[in-house]
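K.L.:
Once you have looked at the hints, place chain B on chain A.
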Amino acid sequence: GQNIDQPTEMTATEGAIVQINCTYQTSGFNGLFWYQQHAGEAPTFLSYNVLDGLEEKGRFSSFLSRSKGYSYLLLKELQMKDSASYLCAVLMTTDSWGKFQFGAGTQVVVTP
Amino acid sequence: DGGITQSPKYLFRKEGQNVTLSCEQNLNHDAMYWYRQDPGQGLRLIYYSQIVNDFQKGDIAEGYSVSREKKESFPLTVTSAQKNPTAFYLCASSELSPGYNEQFFGPGTRLTVL
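Taken in order, these protein sequences are the chains called A and B.
Here our numbering is used: the first sequence runs in plain steps of one and ends on residue 112.
Here our numbering is used: the second sequence runs in plain steps of one and ends on residue 226.
Next comes chain A alone, as it looks inside the complex (with noise of 0.2 Å):
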């Protein structure tokens, strides 16, 4: 079956840095998404790797292995507004195509 971890909270300090880890396991691979989502509002996009490697993006960098199944998104310069869900998703190589596999997210809490 599908599978896609992450761990389910994280709290650091406004300024410091936390690694959220995203381990997979599913039946095809055309890319991990991460997002992010404050409370009741929509995902949105944070960065896309297909490529093993890191993908750096302002604060944020994405990591990506995919002979370990293992992606990890580094949120650098926390603020308080980095206060959010951050969901790792697969995007699965099906014979339909644009279909994802969601975890079931990390809420990160950013203390002052």
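Hints in this document: simulated from the structure, not taken from any laboratory.
Using N, Cα and C, we set each Cβ at its ideal position, and we do this for glycine too.
It cannot be assumed that every hint is accurate.
Unchecked claim - Which chain A residues face chain B? A few, computed with CB under 8 Å, are given here:
1. F29
2. F33
3. A42
4. P43
5. F45
6. Y48
7. D52
8. K76
9. L78
10. L91
11. F102
12. G103
13. A104
14. G105
As the list claims (entries may be wrong) - Computed spacing ranges between beta-carbons, pair by pair:
15. A:M80 to B:A193: 41 to 49 Å
16. B:T189 to A:P112: 39 to 47 Å
17. B:R125 to A:F45: 27 to 35 Å
P.N.:
What follows is chain B alone, placed relative to chain A:
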């Protein structure tokens, strides 16, 4: 501005009633999706559609129905057969091409069945 709209944002219904959630996009995307999100759980796929007049069941389609009569519209009906319909419902759309296929989400509809 291009985007996805869902209405209403909050919806209350009595048990046993069918209810339809609307989703409209003007991004000219071929694919549209409906997800359900419950507290502490990830997004679960209800239905998806790659083309007008065609749609497929997702992982939790029981008790739901959809239609895709127009490219820009993908309404979801929550029927009385859905045993636990109270949830946050998200509609999304994406391009349909090999490779990069970011999903764009609407603002969501929170359905509460009393």
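K.L.:
For each hint, tell me whether it holds in the structure or not.
P.N.:
For each hint, the structure was consulted:
1. F29: 12 Å, violated
2. F33: 7 Å, holds
3. A42: 4 Å, holds
4. P43: Constraint on P43 (chain A) satisfied, holds at 5 Å.
5. F45: 5 Å, holds
6. Y48: Holds, because the Cβ-Cβ distance from Y48 (chain A) to chain B comes to roughly 6 Å (cut-off 8 Å).
7. D52: 16 Å, violated
8. K76: 23 Å, violated
9. L78: 23 Å, violated
10. L91: 6 Å, holds
11. F102: 4 Å, holds
12. G103: Holds - the Cβ of G103 (chain A) comes within 8 Å of chain B, reaching about 5 Å at its closest.
13. A104: Holds, because the Cβ-Cβ distance from A104 (chain A) to chain B comes to roughly 4 Å (cut-off 8 Å).
14. G105: 6 Å, holds
15. A:M80 to B:A193: 41 to 49 Å: Hint holds: Cβ distance 43 Å, inside 41 to 49 Å.
16. B:T189 to A:P112: 39 to 47 Å: 45 Å, holds
17. B:R125 to A:F45: 27 to 35 Å: Since R125 (chain B) and F45 (chain A) have Cβ atoms about 31 Å apart, the given range 27 to 35 Å holds.
Violated hints, listed in ascending order, are 1, 7, 8, 9; each of the other numbered hints is respected by the structure.
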